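Going line by line, the protein sequences match chains A, B and C. For the first sequence, the numbering used here gives the first residue as 1, with consecutive numbering after it. For the second sequence, the numbering used here gives the first residue as 252, with consecutive numbering after it. For the third sequence, the numbering used here gives the first residue as 612, with consecutive numbering after it.
FYI, nobody ran anything at the bench for these hints, they're computed from the structure. Treat the hints with caution; some may be incorrect.
[To be verified] Using 27 Å as the maximum straight-line C-alpha spacing, the simulated DSSO-like pairs for lysine-lysine come out as follows: (1) A:Lys-223 to C:Lys-635; (2) C:Lys-663 to A:Lys-186; (3) A:Lys-2 to C:Lys-646.
[Said to hold, decoys possible] Sample of chain A residues lacking proximity to chain B, with all beta carbon distances greater than 12 Å (derived): (4) Cys-19; (5) Tyr-57; (6) Gln-182; (7) Lys-237.
[To be verified] Covered stretches of chain A, as calculated for chain B (at least 3 residues, CB under 8 Å): (8) 60-69; (9) 134-142.
Here the structure is a predicted model, which is why all the values come from computation and not from measurement. We put the CB at the ideal spot given by N, CA and C, even for glycine.
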Amino acid sequence: MKVIATRPKSLTDLQFTYCPGCTHGIAHRLIAEAMDELEIRNITMGVAPVGCSVFAYKFFNCDMAEAAHGRAPALATGMKRAKPDMCVFTYQGDGDLAAIGTAEIVHAANRGEKITVFFVNNAIYGMTGGQMAPTTIPGMKTTTSPYGRDEQDIGYPIRVCELLDSLISPYFIERVSLLSPQEIIKAKKAVLKAMTYNKENRGFSFVEFISTCPTNWGLDPIKAREWARENMIPLFKVGNFRDKGVEGGNK
Amino acid sequence: MGEKVLMKGNEAVAEAALRAGCRLYFAYPITPQSELIEYMAKMMPKVNGTFVQAESEVAAINMVYGASGAGKRVMTSSSSPGISLKMEGLSYIAGANLPAVVVNVQRGGPGLGDIQPAQGDYFQATKGGGHGDYKLIVLAPSTVQEFADMADLAFNLADKYRNPVMILSDGLIGQMMEPVDFKPPKTDAELEKINNQHLDWCMCPNEDEPNHHHHEVNSLELDPVVLEQHVLKLGQKYEEIKAKEIRYEEYNINGDNEVLVVAFGTASRIVKSAIDELKQEGRNIGLIRPITVWPYPYQAINKALHKNIRKVVVFELNLGQMVEDVKLAVNGKIPVDFLGKVGGILFTPEEAKQKILEGI
Amino acid sequence: MPRMTVDPNYCKGCGLCIEACPKKIIRFSEDINAKGYHYAECFDQESCIGCKLCYTTCPDVAITVEK
């Protein structure tokens with residue numbers, strides 16, 4: 001008998017500080033598995049955001065930097081330009097990437113920085129207690145949209161994959177979901193591809209994870225997945241937007 | 252040896268930074284320092300360095316944070332409104348104990364202000380600007396030569412103390428052309444040493460266990476007990492810098508001075524002219540010119556208060572910022588007078604002379 | 612004979628593995644761990660097929676699967 005699935009070496013032994021059932025942990029594990037499989041742990045440095053995953057710098061077992069809110073793609077740019085032989089990734093949530101960090105992600109993507117950005121979209125601000133995010137669904141109640149997000153007043157959710165897909169430079173863009181084991185297995189393929197392209201210095205790669213926030217949605221982990229399936233998937237379509245590494249994948 | 256060239260301040264400091272071994276530069280254009288970024292755009296590729304025009308000064312300072320965290324010499328530059336955008340980043344860089352060099356070519360403020368020289372960012376540079384208990388080492392040049400010399404000094408101080416260093420210049424020094432004697436560029440051996448000096452803490456290639464390291468470039472510490480220790484250590488670093496790195500110039504300081512003048516940067520140039528003219532007229536005026544405005548030469552000023560001195564006069568291109576530090580230095584011994592010019596307008600040597608002689 | 616083991620120290624009792632298991636052989640333990648969670652445990656290792664769906668969905672990397 002041998003072990004066929006266990007804690008990847010690219011994760012430290014620390015218990016995640018995420019809520020029970022939060023899909024952040026799954027995203028972390030997929031990235032760590034990819035780092036193990038590609039054997040890039042020792043040449044990888046990552047950037048942690050501000051948000052629930054602020055402690056990602058403690059969870060990934062490689063050199064890490066903690067960025068100011070939204071600035072991770074800028075840090076990653078500096079890091080990759082300073083050490084081009086190392087792999088660089090960022091890990092960010094919806095406030096970090098799609099609110100305060102909008103300029104940084106668009107421009108890092110547009111410069112075609114040879115990094116991978118992992119974007120965890122759970123349609124809410126988790127760490128600060130459940131405020132509205134740029135990705136919050138119309139009608140969704142949060143602590144700063146207590147009557148439900150009014151898209152007539154403050155607009156519709158931002159779809160970052162589609163936004164980045166309007167740029168010519170990015171190499172790989174895919175949206176995946178973490179709402180069931182089968183979808184997680186598919187997500188792993190995208191993560192592995194993105195990190196493979198990263199290792200090969202091909203260009204800017206981006207993976208968006210449709211995720212849950214059971215605590216701030218007020219749902220148990222299983223109901224939260226159902227809610228995401230009913231309310232997020234129709235708006236945030238899962239699939240590959242761009243893969244320049246594949247014939248016909250370059251739009 | 253170096254070569255003497257006639258060069259614009261902005262370009263001179265860029266050239267000096269390259270010779271000091273800086274191979275990473277991230278910035279955004281802003282008047283009156285755009286020549287700096289343009290020089291870097293042209294010359295960085297020639298030394299196989301990296302130049303990136305960032306999308307904003309915010310992005311630029313964070314790129315600096317990243318590159319510094321990866322252990323390399325890195326620089327950015329901007330002018331007053333853009334420096335305001337960097338305040339968050341500088342607090343993070345200082346909090347994470349990272350070396351970095353930032354050049355501020357000051358212009359009139361506040362807000363969008365104008366594009367003429369000013370010294371209105373003194374408080375921002377020396378008292379904070381960013382949040383929390385941190386300090387920048389702040390160097391204030393008064394000539395193009397000094398501006399250029401400060402590049403190497405800034406990188407050395409930044410690396411020695413793992414702290415951000417600001418070169419607080421202004422639009423006059425940035426724009427004017429003066430002869431500069433450059434240091435020779437670093438040799439390959441020196442560059443190798445510079446690029447590998449921080450491997451004990453920076454993000455860098457790793458090994459498997461048992462030699463696997465986990466370097467974190469970070470300023471977050473939610474445990475108050477741990478944060479206290481971290482901040483106290485920062486404080487100790489600042490005390491060490493205060494003890495060892497104060498720099499200033501004494502100009503015509505002697506026991507018979509009638510008035511002590513204090514001024515930095517461009518203001519000091521005008522004051523020196525006034526002092527020279529007054530000397531011709533038989534008056535004896537001394538100038539203390541801070542070269543580091545943080546750490547500030549309080550003691551030097553206090554010691555220069557010789558028996559015949561009737562007052563201290565501070566000249567600045569702002570509403571009165573460094574004058575507060577002078578008052579601290581003088582500690583109530585004698586009156587401190589002040590002349591400030593704002594809007595990017597300079598005072599003349601004549602105005603300076605009048606102010607110096609006023610009331611004595 | 613495949614088997615799945617849950618490290619009680621990591622498990623937060625979220626229940627996702629219980630839902631994911633196609634053989635329905637995972638349950639919440641009667642015991643609680645140091646953090647007070649009823650951690651997951653496999654009560655019928657004989658029936659484990661080593662599909663790894665539990666590991667795949669576990670957000671805390673609490674599960675090890677052997678085959």
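For this session: Report the numbers of all earlier hints that the structure fails to satisfy, in ascending order.
Result: Hints 3, 5 and 9 not satisfied by this model.
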